[in-house]
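So the chains spell out like this:
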Amino acid sequence: GAGVSQSPRYKVAKRGQDVALRCDPISGHVSLFWYQQALGQGPEFLTYFQNEAQLDKSGLPSDRFFAERPEGSVSTLKIQRTQQEDSAVYLCASSPPNQPQHFGDGTRLSIL
Amino acid sequence: AQKVTQAQTEISVVEKEDVTLDCVYETRDTTYYLFWYKQPPSGELVFLIRRNSFDEQNEISGRYSWNFQKSTSSFNFTITASQVVDSAVYFCALSEGMIYNQGGKLIFGQGTELSVKP
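Residue numbers (the numbering used here), protein chains in the order written: chain A, 993 to 1104; chain B, 717 to 834.
Derived from the structure by calculation, the hints contain no laboratory data. Virtual Cβ for every residue (Gly too), placed ideally from N, Cα, C. Treat the hints with care, since some could be wrong.
[Stated by the list, open to error] Straight line, CA to CA, 25 Å or less: simulated SDA-like cross-link-like pairs of lysine to any residue:
#, chain 1, residue 1, chain 2, residue 2
1, A, K1049, B, E742
2, B, K754, A, Q1033
3, B, K754, A, K1006
4, A, K1049, B, Y748
5, A, K1049, B, E812
6, B, K719, B, T747
7, B, K754, A, S1019
8, A, K1070, B, E760
9, B, K786, B, E760
10, A, K1049, B, A717
11, B, K754, A, R1007
12, B, K719, B, R766
13, B, K719, A, E1036
14, B, K754, B, I727
15, B, K754, A, R1100
16, B, K719, A, A1030
17, A, K1070, A, G1032
18, A, K1049, B, Q718
19, B, K754, A, S1079
20, B, K833, A, S1102
21, B, K719, A, L1031
[Unchecked claim] Pairwise CB distance ranges, derived in the manner of DEER restraints:
#, chain 1, residue 1, chain 2, residue 2, range
22, B, G778, A, V1066, 33 to 39 Å
23, B, V762, A, N1043, 24 to 30 Å
24, A, L1031, B, S790, 25 to 31 Å
25, B, E733, A, Q1009, 46 to 52 Å
26, A, Y1002, B, D771, 39 to 45 Å
Given these sequences and hints, build the entire structure.
Below, the structure written as structure tokens:
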């Protein structure tokens, strides 16, 4: 499709497991963002890529969170040793430079 | 510090009523952008509008209108003649600085859940 695609749509994991969330941005979009949205809250910034370079990771809550975009297209957000407070919707957005961000449907992560 | 406040957590109206969603922001930058996004139950954030800090002209798009006032640091959103399909969570957001250099990360408010009843 033409929009931002995220997979899986839903992910359930046991506490302590590692998870990987995928984002397929709109083709040609240079900028890619990850946000975390807790239930009933607004999204909060996690990290930003310009092509393959991770220019801002100030929002990553701990060193258990890691993101990459090795070829400047698809991005993966990895969470190691998951904890219950990691339960949230993870949103990916992409945009051309200086243009509004287009969001995917998100991945709903539940940690049991 | 930058912050966006949406004081209205939930609003319920009857179809065809007009409704205004409030947004107040804080920033030390003189160059910034303000946004409104709609989040229907499906979860995807849908872009509605972007305004830059140098353009205080109000904007109208169909039943939607936006009122930007720097003097009160507000960027309010009005839906005229609301419809059931307008039911969603609406987020106001702020992006600071030079967009290209800083990526334009968004700082969101808590959101306002709008329920339009038939």
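Results of checking the hints against the structure:
Taking the CA atoms of A:K1049 and B:E742, the gap is about 22 Å. The hint holds against a cut of 25 Å. Under the criterion of a C-alpha separation no larger than 25 Å, the hint pairing B:K754 with A:Q1033 is consistent with the structure, at around 14 Å. Only pairs whose Cα atoms come within 25 Å are accepted, and B:K754 paired with A:K1006 is rejected, the gap being roughly 32 Å. Note on A:K1049 and B:Y748: the hinted pairing holds, with a Cα-Cα distance of about 20 Å set against a maximum of 25 Å.
A distance of roughly 16 Å separates the Cα atoms of A:K1049 and B:E812; the hinted pair therefore holds under the 25 Å criterion. This hinted pair checks out: B:K719 and B:T747 have alpha carbons roughly 15 Å apart, not beyond 25 Å. For the hint pairing B:K754 with A:S1019, the CA-to-CA distance comes to about 23 Å; that is within 25 Å, so the pair holds. Our distance criterion of 25 Å between C-alpha atoms is met by A:K1070 and B:E760, whose separation comes to about 21 Å.
With a C-alpha separation of about 29 Å, the suggested pair B:K786 and B:E760 falls outside the 25 Å cut-off, and the hint is violated. At most 25 Å may separate the alpha-carbon atoms for a hinted pair to count; A:K1049 and B:A717 meet this at roughly 18 Å. This hinted pair does not check out: B:K754 and A:R1007 have alpha carbons roughly 32 Å apart, beyond 25 Å. Among the hinted pairs, B:K719 with B:R766 is consistent with the structure: their alpha-carbon atoms are about 17 Å apart, no more than 25 Å.
The suggested pairing of B:K719 with A:E1036 holds, with an alpha-carbon distance near 12 Å, which does not exceed 25 Å. Restraint check for B:K754 and B:I727: satisfied, since their Cα atoms lie roughly 14 Å apart, inside the 25 Å limit. Distance hint between B:K754 and A:R1100 is fulfilled; the C-alpha atoms sit about 18 Å from each other, no more than 25 Å. A threshold of 25 Å between alpha carbons decides the hint, and for B:K719 with A:A1030 the separation of about 17 Å falls inside it, so the pair holds.
For a cut-off of 25 Å, the pair hint linking A:K1070 to A:G1032 stands: about 23 Å separates their Cα positions. The hinted pair formed by A:K1049 and B:Q718 meets the criterion: a straight-line CA distance of about 17 Å does not exceed 25 Å. For the proposed pair B:K754 and A:S1079, the alpha carbon gap of about 22 Å is at most 25 Å, so the pair holds. At roughly 31 Å between alpha-carbon atoms, B:K833 and A:S1102 are farther apart than 25 Å, so this suggested pair is violated.
Distance check on the hinted pair: B:K719 and A:L1031 sit about 19 Å apart at the alpha-carbon level, within 25 Å; holds. Range check, B:G778 to A:V1066: about 36 Å between beta-carbon atoms, so the 33 to 39 Å window is met. Hint check: B:V762 to A:N1043, Cβ distance near 26 Å, so the stated range 24 to 30 Å holds. Range check, A:L1031 to B:S790: Cβ separation about 27 Å, and the 25 to 31 Å hint holds.
The beta-carbon spacing between B:E733 and A:Q1009, approximately 48 Å, falls within the hinted interval of 46 to 52 Å. Distance hint for A:Y1002 and B:D771: a CB-CB separation of about 40 Å, consistent with the stated range 39 to 45 Å.
The structure does not agree with the numbered hints 3, 9, 11, 20 stated previously, though it agrees with the rest.
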